[in-house]
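S.K.: Chains as they are written, first to last, in this note's numbering: chain A, 135 to 526; chain B, 12 to 163; chain C, 16 to 201.
Just so you know, the hints here were simulated from the structure itself, not pulled from any lab data. Mixed in with the good hints there might be a few duds.
[Claimed, not checked] Subject to a maximum C-alpha distance of 25 angstroms in a straight line, what follows is the list of computed SDA-like cross-link-like pairs (lysine to any residue):
| hint | chain 1 | residue 1 | chain 2 | residue 2 |
| --- | --- | --- | --- | --- |
| 1 | B | K29 | A | M481 |
| 2 | B | K92 | A | E185 |
| 3 | A | K172 | B | G144 |
| 4 | C | K177 | B | D155 |
| 5 | A | K272 | C | I59 |
| 6 | B | K152 | A | N480 |
| 7 | B | K88 | A | R363 |
| 8 | B | K152 | A | E185 |
| 9 | B | K140 | A | I144 |
| 10 | A | K272 | C | A60 |
| 11 | B | K140 | C | V189 |
Now for the letters of each chain:
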Amino acid sequence: MITEELKINIGPQHPSTHGVLRLVADLDGEYIRDIEAKIGYLHRGMEKLAESRNYHQYLPMVDRIDYLSGFFNSASFCYAVEGLAGIKVPKRAEYLRLITMELNRISSHLLWLGTFLLDLGATSPLFYCLREREEIVKILENLTGQRMMYNYYCFGGVRKDMPDGWLGSVRDFCESFPAKIDDYEKLITENPIFLERTKGVGVISQEMALDFGITGANLRASGVKFDARKNMPYSVYKDFNFDIPIHQEGDCYARYQVRLLEMRESCHLIQKAITRIPGGASEKLKVKRTNCGCNKPECAFCGDETKVFFKKTNPLVLKIPTSEITTFVESSRGLSTCYVRANGTNMPDRVKWRTPSFSATQILPELCKGGLYADIMAILGSLDIVLPEVDR
Amino acid sequence: MSFEEFFNRHELNIIQEKDASDNDIWLVNQNDLLKVCELLKTDRLFNYEMLLALIGLDCVSHFEVLYSFYSVKNHKKLFLKTVLQKENPVVESLCGLYSSANWHERECFDLLGIEFLNHPKLERILLPKDWIGHPLRKDYKEEDERLSWNRR
Amino acid sequence: MQIILSAVDFVYNWARSNSVWPLTFATSCCGIEMICTSASKYDIARFGSEVFRATPRQADLIITAGTITHKMAPALIKLYEQMPEPKYVIAMGACCVSGGMYENDSYSVVRGVDRLIPVDVYLPGCPPRPEALLDAIIQLQNKMKTETLADRKKYIEAHRPKVKLANSESEILVAADEIEIVRWGV
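With the rest of the complex left out, here is chain A (with noise of 0.2 angstroms):
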């Protein structure tokens, strides 16, 4: 019998790609023997556009780079801005960031999994996992006032301060999720079809992992213990004790558990944050700041660490000195840095994101190639790609 080779194109548009991502792949029956991957279907220029644009008129931009979490692309490039021009960050800000990136890192693994099981086939799992999310979304809508991109983040602070009754949500939420979580191990972790389509495939080993720059939970699954919250620490992440879950085996069943542990963490960190906010509730900041109505900065309740935003700086004013500096934020899908440099004006000279999922989709072709076919859709999915981080 004779056989040719086949070359196939897994085009931009697939219900599967996550966004549009190219592969193209050169078959042998069912082995793949080479596998390209093409991107820049999604590539709209956000490093030029920094160019032309106030250090606050591209603050709104920041979100869409990675849609998904939008706040930890926020939070680098404000820490980035804080950093050069020397602004101070009150604690009740940098307690309301840790929340709402915390918040933002449950929402961006719930739709991993929904998604990640759907390309497997299994239909069910992304109506609860979008069910949990609608929930979460709900929360920072009524902070923030949008569901997806949230713009909260300014320099000094955040926008406003939490409504009445927000912690109590906030609170209510997380005690209720553990509970899910339980209840989408029993229907995943166990099942046989699960369990065939992802143990042993798409093993990365530590030096492939270090040697392509793969961080986040690829590579916490592979037996690195890094994690950015821990071993290059901002925001008030060092008053926290918390684990960095790792597994040694790293294929995708191994991504898929440390992600779930991951979403177990960050509620704990969650519910002990929401107990040591400086203030405590908007609503009981509010009775005890009229109580007291002394305004002196040492105080507890009027003081500097109960305010939601230092100062606040006038976008036509705000001119850098030339210099540089590079933020490293952990986001959910790894370590997201953001590297911006300024030349006395007040727009940047240069800003560069490195974002996780490059080196991800890098790595994507050498862990295809002599496997199967429909292996290439497990493997896409553990490791949690979103384009337009691909392709900024």
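Take the given structure of chain A and dock chains B and C to it, following the hints.
M.R.: Just chains B and C now, kept in the frame of chain A:
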């Protein structure tokens, strides 16, 4: 041993600077770049296993390339900077040492026009294949007549 | 004769408008709101879009959700040409209506998807809420109900892309005067 003794032993001419958040930046010559990166990866003093990012910069009179390294063993980060000339910027590729440099260098070439020697496949990655010009340069003007239907 | 045709029109349009099956075309952020619309809280299946088809040959609506760039535009045109008549387009989100926040000076974003294909319903928002997408579907259903079978030819003539590939090796589009079927390979 300190960094100065190390540089003298290997006859490297490196200037040390700091950026706004107190990270180390080393200014390296173009010719020494490959040697320094090999030392960074293999020497027991440094052990930088990860190349995190490769940033091309267009300062108006010259080009610069900034490399970002991280060592998981020693929990340390490091930046390297090389200065390139304005016409025909050319620099050595790090693909042999770090596999992550592959796509980063392709992106740098695509958007800024910096050429990397000994790169396995240096072609455009983010823009269409027959795009004219390198957009991230400061003197870039959109002059493609084929795209006149997309004007404002 | 006219009475029979208008009765047939009524039934034909009613059947078509209550079972619009969209294509899964999610480029960017608006795609997530489209996925949320098809989830259980804002159910799009109750409006007739029971399934999202993966192939354009079986879809009759394309909701362009997300930014369209110059590299992606030939793929969108190919998908639009592969859809069989009658077909409709909803431009979802600010990026598809007019270029959105990238309209000012981005070098690689197409300023509005109506420079490429004819659009039926424009839906602004960045991103539009799921309720807004449902409102757009209802508007499209109302538009479908005003169409007549006798004017079918006019609709088919109007459904032409406005750009074409420069040549078979290029990836950049140029303006087209008349329609030309271009084949380009992998």
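S.K.: Of the numbered hints stated earlier in the document, which are not met by this structure?
M.R.: none
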